[in-house]
Amino acid sequence: MACLRFTEPSGAPRVLWLYKTTTTIGRAQGNDIVVDDGLKDIAPYHAQVHFNGRDFILSTLDDHADIDVQGKRKRRLRLNHEGTFSLGGVLFYFSLLAVPESETNGQDPSQTRGTSQSSRELAELGQRLMEATEPRTQLEAILDRAVELTGADKGFVILLAGDEVDVAVARNIERKEVPTHQTQLSDSVLKKVVETRQALIVDDAVNDSMFASSRSVISLQLSALLCVPLLAQNQLLGLIYLGMDGLGRTFTKAHLEITQAIAGLAALLLQNSRVLDALRADRDRLTQALSDQRFGDIIGSSQALTNVYRAIEKIARTEVSVLVTGETGTGKELIAREIHRRSSRREGPLVTINCGAIPENLMESELFGHVRGAFTGAAATRDGKFQAAHGGTLFLDEVGELPLNLQVKLLRVLQDRVVTRLGENRPQTVDIRVIAATHKNLEAAQADGSFREDLFYRLNVINIHLPALRERGEDVVLLAKYFLKRFSTEYDVNVRGFAADALEALRSYEWPGNVRQLENRVRKAVVLCEKPLIDSQDLGLEGASQPLLTLTEAREAFQMRYVLEALERNGGNRTKTARDLDVDPRTIFRYLERQGNGVDESQSAIDARG
Numbered sequence: 185m186a187c188l189r190f191t192e193p194s195g196a197p198r199v200l201w202l203y204k205t206t207t208t209i210g211r212a213q214g215n216d217i218v219v220d221d222g223l224k225d226i227a228p229y230h231a232q233v234h235f236n237g238r239d240f241i242l243s244t245l246d247d248h249a250d251i252d253v254q255g256k257r258k259r260r261l262r263l264n265h266e267g268t269f270s271l272g273g274v275l276f277y278f279s280l281l282a283v284p285e286s287e288t289n290g291q292d293p294s295q296t297r298g299t300s301q302s303s304r305e306l307a308e309l310g311q312r313l314m315e316a317t318e319p320r321t322q323l324e325a326i327l328d329r330a331v332e333l334t335g336a337d338k339g340f341v342i343l344l345a346g347d348e349v350d351v352a353v354a355r356n357i358e359r360k361e362v363p364t365h366q367t368q369l370s371d372s373v374l375k376k377v378v379e380t381r382q383a384l385i386v387d388d389a390v391n392d393s394m395f396a397s398s399r400s401v402i403s404l405q406l407s408a409l410l411c412v413p414l415l416a417q418n419q420l421l422g423l424i425y426l427g428m429d430g431l432g433r434t435f436t437k438a439h440l441e442i443t444q445a446i447a448g449l450a451a452l453l454l455q456n457s458r459v460l461d462a463l464r465a466d467r468d469r470l471t472q473a474l475s476d477q478r479f480g481d482i483i484g485s486s487q488a489l490t491n492v493y494r495a496i497e498k499i500a501r502t503e504v505s506v507l508v509t510g511e512t513g514t515g516k517e518l519i520a521r522e523i524h525r526r527s528s529r530r531e532g533p534l535v536t537i538n539c540g541a542i543p544e545n546l547m548e549s550e551l552f553g554h555v556r557g558a559f560t561g562a563a564a565t566r567d568g569k570f571q572a573a574h575g576g577t578l579f580l581d582e583v584g585e586l587p588l589n590l591q592v593k594l595l596r597v598l599q600d601r602v603v604t605r606l607g608e609n610r611p612q613t614v615d616i617r618v619i620a621a622t623h624k625n626l627e628a629a630q631a632d633g634s635f636r637e638d639l640f641y642r643l644n645v646i647n648i649h650l651p652a653l654r655e656r657g658e659d660v661v662l663l664a665k666y667f668l669k670r671f672s673t674e675y676d677v678n679v680r681g682f683a684a685d686a687l688e689a690l691r692s693y694e695w696p697g698n699v700r701q702l703e704n705r706v707r708k709a710v711v712l713c714e715k716p717l718i719d720s721q722d723l724g725l726e727g728a729s730q731p732l733l734t735l736t737e738a739r740e741a742f743q744m745r746y747v748l749e750a751l752e753r754n755g756g757n758r759t760k761t762a763r764d765l766d767v768d769p770r771t772i773f774r775y776l777e778r779q780g781n782g783v784d785e786s787q788s789a790i791d792a793r794g
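In the working numbering, the protein residues as written are 185 to 794.
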């Protein structure tokens, strides 16, 4: 087992065993390793050693603490076998696998085989384990070394999962697999070690009254047994079970100590493997959940978005024109892409043009093309977006921004499917499907004369309205987690999730910029966050969360708002409003009096949330 050694101020040497995945060091009593309080230069919580499955990493926990390596100050250090460092002026020695000293005088060499091996040889085992990528390969290396160093004739690594017992690896002294019929180890020896969580040595198994009838003693003809638990953070992961065949041979205390040292490292590796398996399973579940809740490139499972999915499935297989409406940032282009991808035109091009991003004097050329010399700067003949979309789909984004003179020309193209380039009289037939999008209210634009009614009806054969992010419930959390996963991978940062206050802020915020705003906030948080979990401050949403109203407050707020809306519809006529709402006119007066006196606090809270 890996350990740290140092000398106390009293002169007594100490060994600090690193038997946990993360081990903290400091003067405070809450540490895993409590250093003498007299060492004032060591902080109460000075440092931690974390085993990541491959390396032991030492890092500081206190802003004022540091690690001294040959006079150089560090905050983080990968520990190497037989390496040294100082904490608070105290010199520490790190050993990857320490071999307990034992007396072997007078013992037969076959009984002590391997106990005199140097710690460097054991360190080589640790290095091989860290280089191996497969858990089974690691377990085989562990068992082979345990058999070799103890002089056992055969050994087994047994894994426990609830009541299930699994012989994961079975090896003999020749580093070969033990036959399957010799791996029946579910007996009293295992039961004893599992119950006590203590190592067990049986010197004369054949004549031992408790274990002579054990299945493994009989079937394997064992004369001596050694069984050591694999413990990590007080969790029993399995056992190392070793056996000797020849009569008169026994396991010694030195064999036990060596096996326990190896078992400590084996337990850490097993625990790390299980953690990785759990993380992979979580990743797979998240990936599957995300797959179940997305529609092509569109992510979400709210009822409002599900209705959009159904509409797309019906619309995609037709050739009708579609108008996609919704606030800026709701993903209108994604809808156009998904309609195109599911249509019979999917093999053709999808051409996009933002009608609000191109100057008016260039828009006609962008849409319909031009010939050389058609205007100043037209140095070559060029097709427009309509010609480029031939055989596919043309997406007119922000179509509400088109000037009136171009609306007339666009209407004619949609009617006749014929385009004429600027400076040319020869028309060209185009085979396209048109999808348009806008964040404007085009019906209101018709009323004020800024958008042609005939063009509106030509574009708006079918309308798909995208809900705002604030109307999509838990979709905001689903999208935030998707962006987090994408950006943490893209920028290679260790940000794993959102803190509870961040999730609450995500749900409560109104998101005026919709999905685009959410994406940018998560991107910024991932880049700048220095913690594993993003909080509301990292998102710039601290204070965005609103407290829940009581049911009485919420009911009162709704009634106040409803009364005021009814009054507005009735032109302020209180008597007619009371009649419409089927209440006494004095009820309307009470609500107005309360609003006028400024006591409608619950209404203010509701209004603040939209």
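These are calculated hints, taken from the structure and not from any lab test.
Nothing here was measured: the structure is a model prediction, and the numbers come from that model.
Don't take every hint at face value.
[What the hints assert, rightly or not] Listed next, with one range per pair, are the computed distances between beta-carbon atoms:
| # | residue 1 | residue 2 | range |
| --- | --- | --- | --- |
| 1 | Asn589 | Arg700 | 24 to 32 Å |
| 2 | Thr206 | Glu531 | 54 to 62 Å |
| 3 | Ala563 | Val602 | 48 to 56 Å |
| 4 | Lys498 | Gly724 | 37 to 45 Å |
| 5 | Val602 | Gly755 | 32 to 40 Å |
[Said to hold, decoys possible] Mimicking DSS-like on lysine-lysine, the simulated pairs with C-alpha atoms at most 30 Å apart in a straight line are:
| # | residue 1 | residue 2 |
| --- | --- | --- |
| 6 | Lys258 | Lys204 |
| 7 | Lys665 | Lys593 |
| 8 | Lys376 | Lys204 |
| 9 | Lys665 | Lys708 |
| 10 | Lys204 | Lys224 |
| 11 | Lys437 | Lys204 |
| 12 | Lys375 | Lys498 |
| 13 | Lys715 | Lys760 |
| 14 | Lys665 | Lys760 |
| 15 | Lys715 | Lys258 |
| 16 | Lys360 | Lys375 |
| 17 | Lys593 | Lys624 |
| 18 | Lys258 | Lys708 |
Cβ coordinates follow ideal geometry from the N, Cα and C atoms, glycine included.
Status of each hint after checking the structure:
no.	hint	result
1	Asn589 / Arg700: 24 to 32 Å	holds (31 Å)
2	Thr206 / Glu531: 54 to 62 Å	holds (55 Å)
3	Ala563 / Val602: 48 to 56 Å	violated (26 Å)
4	Lys498 / Gly724: 37 to 45 Å	holds (40 Å)
5	Val602 / Gly755: 32 to 40 Å	violated (52 Å)
6	Lys258 / Lys204	holds (23 Å)
7	Lys665 / Lys593	violated (45 Å)
8	Lys376 / Lys204	holds (24 Å)
9	Lys665 / Lys708	holds (14 Å)
10	Lys204 / Lys224	holds (26 Å)
11	Lys437 / Lys204	holds (24 Å)
12	Lys375 / Lys498	violated (64 Å)
13	Lys715 / Lys760	violated (60 Å)
14	Lys665 / Lys760	violated (51 Å)
15	Lys715 / Lys258	holds (20 Å)
16	Lys360 / Lys375	holds (27 Å)
17	Lys593 / Lys624	holds (21 Å)
18	Lys258 / Lys708	holds (29 Å)
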